[in-house]
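S.K.: Residue strings, one per chain:
There are 2 protein chains.
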Amino acid sequence: MNRLILEEKDFILPERCLITGRRFRQLVDVIKCPVGKICKAGLLNGKRGTAEVIEVNDDSILFDVKLNEEPPEPSKVRLAIAMQRPQTFSKVLHIATTMGVKEILFFHSFKVEKSYWQSPRIQFEKYRDDLIEALEQSGDTVFPEIKFCSKFKEFTEGVLQEFSSGTQMIFGDPGASGDAHEFNNQPVTLLVGPEGGFTDYETSKLRELGAQGVTLGNRILRTEYALCALLGKLV
Amino acid sequence: MNRLILEEKDFILPERCLITGRRFRQLVDVIKCPVGKICKAGLLNGKRGTAEVIEVNDDSILFDVKLNEEPPEPSKVRLAIAMQRPQTFSKVLHIATTMGVKEILFFHSFKVEKSYWQSPRIQFEKYRDDLIEALEQSGDTVFPEIKFCSKFKEFTEGVLQEFSSGTQMIFGDPGASGDAHEFNNQPVTLLVGPEGGFTDYETSKLRELGAQGVTLGNRILRTEYALCALLGKLV
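Protein chains in written order, with our numbering: chain B, 1 to 235; chain R, 1 to 235.
Simulated from the structure, these hints should not be mistaken for lab results.
Quantities reported herein were computed from a predicted structural model and do not represent experimental measurements.
Check before you lean on any hint, since a few could be wrong.
As the list makes no split between identical chains, a pair holds if one copy fits it or if it spans any two.
Claimed, not checked - Listed next, the in silico SDA-like pairs over lysine to any residue satisfying Cα-Cα at most 25 angstroms (straight line): (1) Lys-114 x Val-30; (2) Lys-76 x Asp-179; (3) Lys-126 x Asn-184; (4) Lys-76 x Ala-176; (5) Lys-76 x Arg-23; (6) Lys-147 x Val-28; (7) Lys-91 x Arg-222; (8) Lys-37 x Tyr-201; (9) Lys-40 x Lys-205; (10) Lys-153 x Glu-70; (11) Lys-40 x Gly-217; (12) Lys-76 x Glu-182; (13) Lys-111 x Val-28.
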């Protein structure tokens, strides 16, 4: 936890927060929070600042909170990624959130197993805590907006066009010669395929819609690391 | 497994291999290998090519092997990274190996817990299989060379100079303005700190030796993702 993320419900007075539960345990066990310690803090989807420890009790910490700094600039990258197996889904959320992506769209594609769409992990209540932890890690305060499109046809017939509006679409393509570097700090929609890759039909469809292939070199990376390396080039 | 990695001991004839154990199970259970199927293959630390399934038995597969392609170009990046907790150590090896880094040096630094140096995971016999799996993933055949330096003093008084010879040293520094992009495809030694970062003394020491700070933006990433994003910029 590099920054304590506060929620409206933590405030017992305008500038005073009472923290219990998971965050209390981590503050006490891992970070050590004696009275007087000043921690980095931020209000979920709001401003950043500091929280000073006022009182440490058996199961709660009382903080004096000052928030007057804007959250970091969002990334210009939007991420449209094929639905992944549940464990990879969580990693994708963590990576994209910690790297500042604020718009994420999971879509269906031929090589996505249908069961992935039934996983409880893709319910907001299940992944909300993962997002909070990603914000705590990165020091950001703003949730990404997460959308789902479980039909490839709908995805390519309207959903993607709307999602990517005003950006250049690019996708990882081992055969391409262009490098994602060229799009550094540009408004880009990054398209990432499923574990087994896009089918030829899918890539031709994406190209038709204006997406450009970029290479990641001639080695094959796990989806989460390919995503992270591509975002590294772009942000 | 995107490429079957063969070892000298698998060869029962000059162009014939008998595969058992973990690789057999994965070939049969995950990849499905009927007689006649042609798989990508490569000899550990040697050439790449194909392996055709000749016979599938209860606990082994017989392949006809043709190897005539060079392994992919190694990355120009050398990686000097502070020793990590055992789980992160394995992730670092996986990421660096799949991204083509061939020289990796783990060094001691103030915020590295001493116990990390006692972990059995940093023994070659323990991480050898992780390296094989990374090669199977990426399609490469060549092991990285892995070195250790458990004293920061020794590291900065000779070991790092020798390791980084002929390259520009760079390190992730939240306060820096330079971007790692500038060193794309250049001979670089990438220095990565421990989980809690380098101390001021350590960064000043690294600067003295010619290392240049580069930024990854104003968000804080987990070590493995920071590494992956930086390598994404460099390779």
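S.K.: Determine for every hint whether it applies to the structure shown.
M.R.: Quick rundown of the hints versus the structure:
1. Lys-114 x Val-30: For Lys-114 and Val-30, the Cα distance is within 25 angstroms only across copies (18 angstroms; inside one copy 40 angstroms).
2. Lys-76 x Asp-179: Cα proximity of Lys-76 and Asp-179: in one copy and across copies (17 angstroms, 17 angstroms).
3. Lys-126 x Asn-184: neither (33 angstroms within a copy, 39 angstroms between copies)
4. Lys-76 x Ala-176: Classified as both; 23 angstroms inside a copy, 21 angstroms across copies.
5. Lys-76 x Arg-23: Close neither inside one copy (30 angstroms) nor across copies (42 angstroms); limit 25 angstroms.
6. Lys-147 x Val-28: Classified as neither: same-chain Cα gap 36 angstroms, cross-chain 37 angstroms, threshold 25 angstroms.
7. Lys-91 x Arg-222: both (11 angstroms within a copy, 12 angstroms between copies)
8. Lys-37 x Tyr-201: between (58 angstroms within a copy, 24 angstroms between copies)
9. Lys-40 x Lys-205: neither (46 angstroms within a copy, 28 angstroms between copies)
10. Lys-153 x Glu-70: neither (39 angstroms within a copy, 41 angstroms between copies)
11. Lys-40 x Gly-217: between (39 angstroms within a copy, 18 angstroms between copies)
12. Lys-76 x Glu-182: This pair counts as both: shortest intra-copy Cα distance 14 angstroms, inter-copy 20 angstroms.
13. Lys-111 x Val-28: between (45 angstroms within a copy, 20 angstroms between copies)
Checked against the numbered hints above, the structure violates hints 3, 5, 6, 9, 10; every other hint is satisfied.
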